[in-house]
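Protein chains: 2
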Amino acid sequence: QIELALAEANAPHVTYEVDLFNKPEWFASKVNPVGKVPAVTYGGPNVDPDDPSPLSAKIAESNVILEFLADLYPDSGLLPKDPVLRAKVRFFIDATTKHIEGPFFAFIRGSESYDNILKGIEFIQELLEEGRDFAAGDHYTIADACISPHLARLKIVIETDLGRAPAGAFPREVESD
Amino acid sequence: QIELALAEANAPHVTYEVDLFNKPEWFASKVNPVGKVPAVTYGGPNVDPDDPSPLSAKIAESNVILEFLADLYPDSGLLPKDPVLRAKVRFFIDATTKHIEGPFFAFIRGSESYDNILKGIEFIQELLEEGRDFAAGDHYTIADACISPHLARLKIVIETDLGRAPAGAFPREVESD
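Residue numbers (my numbering), protein chains in the order written: chain A, 1 to 177; chain B, 1 to 177.
Honestly, the hints are just simulated from the structure, not real lab data. Note that the Cβ used here is the ideal one computed from N, Cα and C, for glycine as well. Hints are not guaranteed to be accurate.
As the list claims (entries may be wrong) - Below are the SDA-like pairs computed for lysine to any residue, each with C-alpha atoms no more than 20 Å apart in a straight line:
{"#": "1", "chain 1": "B", "residue 1": "Lys98", "chain 2": "A", "residue 2": "Leu72"}
{"#": "2", "chain 1": "A", "residue 1": "Lys30", "chain 2": "B", "residue 2": "Leu128"}
{"#": "3", "chain 1": "B", "residue 1": "Lys98", "chain 2": "B", "residue 2": "Asp75"}
{"#": "4", "chain 1": "A", "residue 1": "Lys36", "chain 2": "B", "residue 2": "Val34"}
{"#": "5", "chain 1": "B", "residue 1": "Lys119", "chain 2": "B", "residue 2": "Val157"}
{"#": "6", "chain 1": "A", "residue 1": "Lys119", "chain 2": "B", "residue 2": "Val34"}
As the list claims (entries may be wrong) - Over 12 Å on every C-beta distance to chain A, these chain B residues come out as not near it, computed from the model:
{"#": "7", "residue": "Leu6"}
{"#": "8", "residue": "Asp19"}
{"#": "9", "residue": "Phe21"}
{"#": "10", "residue": "Val64"}
{"#": "11", "residue": "Lys88"}
{"#": "12", "residue": "Arg153"}
{"#": "13", "residue": "Leu154"}
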């Protein structure tokens, strides 16, 4: 999600891949106390990504970071200018989080059936306007950046039957985004 | 949440209370297909609230509406101007939704223990800065508007033992915000 939004905004950045199965100690202590990815550091001195400065801002949670990038790059189109259109983009993101992401992880954990994901997709489908190429409005926004990795991941899960693995077969870290 | 933000922004508005146990037919067909409150109509001709115009924009989901009001009233302070501070406000709202609202409804439904609410409150507590009067930053924002009704409701639930009612004792509508 964040990589897509960064690319769309042509935002200069350094990517650091955190090994979720072997997180470096500094990640929780210096970037995100909760230990989840994605997280971004912003501002402060020019340092290596694996040696974050206490002077940079640390921002976590995908949807919060997406809004942050839209704020930093107001002319990127990541969010439209019109308040009503912005609300449409945010409603789409809210729906993706509640109706796709939530049911997806519940399914992976084995606590909810696959049907809930299908219902979620139907809900999202209803939001899409006929003949439009984007999630909300007429250009790429953070709503597109939000949903596309979910759909890509869902495709992989369907193709590999990942969801049929017994509960507990995966460590909790795979829930990170 | 929305009433608090509207008051903070001095936003002229008409309030219509939807009876959640006896929703008027027009609410789902003309305002929010999902039938949940809160929802706002914006723009369009000047009509009675119980006769919404197809020409007004319809916006639902509390957090989406809060952002919408902050967009409509940029000088209200509902969101700060600085992108990093805006991200702090949004992180607080995200945390409230995930760590207070989620566990609260799970508790009310009887699917999760009260402990999760306490953990959520501890998570939120960690976000509060010493000596500050507001949820995030130095003035009232949508983060304050977001959390205060949750805390007020929690107080009522604790005082009335509402959470000890048997599962299914309340219709699903009480989950609406």
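Hints versus structure:
1. Lys98(B) to Leu72(A): violated (25 Å)
2. Lys30(A) to Leu128(B): holds (18 Å)
3. Lys98(B) to Asp75(B): violated (28 Å)
4. Lys36(A) to Val34(B): Violated: Lys36(A) and Val34(B) sit about 32 Å apart, past 20 Å.
5. Lys119(B) to Val157(B): The hint holds at about 17 Å.
6. Lys119(A) to Val34(B): It holds: about 13 Å lies between the C-alpha atoms, which stays within 20 Å.
7. Leu6: holds (14 Å)
8. Asp19: holds (24 Å)
9. Phe21: holds (23 Å)
10. Val64: violated (5 Å)
11. Lys88: violated (8 Å)
12. Arg153: Given that every Cβ of chain A is farther than 12 Å from that of Arg153(B), nearest at about 20 Å, it holds.
13. Leu154: Label holds. Min Cβ-Cβ 21 Å, cutoff 12 Å.
Hints 1, 3, 4, 10 and 11 from the earlier list are contradicted by this structure; the remaining hints agree with it.
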